[in-house]
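I would like the entire structure built from these sequences, with the hints used as guidance.
Just so you know, the protein sequences line up as chains A and B, in that order.
Here this note's numbering is used: the first residue of the first sequence is 467, the next is one more, and so on.
Here this note's numbering is used: the first residue of the second sequence is -3, the next is one more, and so on.
Any given hint might turn out to be false.
Label-pair restraints from in silico Cβ distances [said to hold, decoys possible]:
id, chain 1, residue 1, chain 2, residue 2, range
1, B, Lys10, A, Gln524, 44 to 54 Å
2, A, Gln547, B, Ala(-2), 26 to 36 Å
3, A, Gly525, B, Ser92, 18 to 28 Å
4, A, Gln547, B, Gln53, 32 to 42 Å
Quick look at which bits of chain B chain A covers, simulated, 3 or more residues with Cβ under 8 Å [claimed, not checked]:
id, stretch
5, 35 to 45
6, 98 to 107
The hints are simulated quantities; they were obtained by calculation from the structure and are not laboratory data.
For glycine and all other residues, C-beta sits at the position ideal for the given N, C-alpha and C.
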Amino acid sequence: GESVGLHLPTLSVQEGDNSIINCAYSNSASDYFIWYKQESGKGPQFIIDIRSNMDKRQGQRVTVLLNKTVKHLSLQIAATQPGDSAVYFCAEKGSSSASKIIFGSGTRLSIRP
Amino acid sequence: NAGVTQTPKFQVLKTGQSMTLQCAQDMNHEYMSWYRQDPGMGLRLIHYSVGAGITDQGEVPNGYNVSRSTTEDFPLRLLSAAPSQTSVYFCASSYSKRTNQPQHFGDGTRLSIL
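This is the structure we're talking about:
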């Protein structure tokens, strides 16, 4: 079946460096993609989303890149801070109103002081 | 504005017991959903609702029931708890399923079945 997955289950980054979290998706019909951040003991928190008619979208310290040719999604966090430590999920949704959001298994981001 | 509120935060049950996980949102969202989260796995959809009186199954619905009598509330019922249902359960809502919008999540219910 269709699935969303992540290349790296864990990522360790030096404080102040940029972080890049990658995600591969397999449903070429997906047209909406979301990144969530989940801190320990909390529910997922929306970070940024992107629609398939775009290849880049920027937020505050975060950028999402979408490469539809290779079905790849990435989340870039600039100047990583201790508060960025969390598990990050990508999710995708198909184009029909009946399609459901499918979540990847997550990448844990840890910050080295 | 409380967002999505889930109760209880923790629960321990014995095999065969039943219980209801509560979920309420105060954002007047049409779409509500229940997920379970198991170690090393992504969120898996149990049931969802696109409005009051309308519910449908997700990818792992067996052993769970839902109802949506009001826009605000979307309880999840475990009919006869099994150890395989030990998990963290998240409720989420968004304005509409028809438009692509991110979901708002509660902080989860951690459920252990002995």
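Hints versus structure:
no., hint, result
1, B:Lys10 x A:Gln524: 44 to 54 Å, "holds, 51 Å"
2, A:Gln547 x B:Ala(-2): 26 to 36 Å, "holds, 27 Å"
3, A:Gly525 x B:Ser92: 18 to 28 Å, "holds, 22 Å"
4, A:Gln547 x B:Gln53: 32 to 42 Å, "holds, 41 Å"
5, 35 to 45, "holds (count 7)"
6, 98 to 107, "holds (count 7)"
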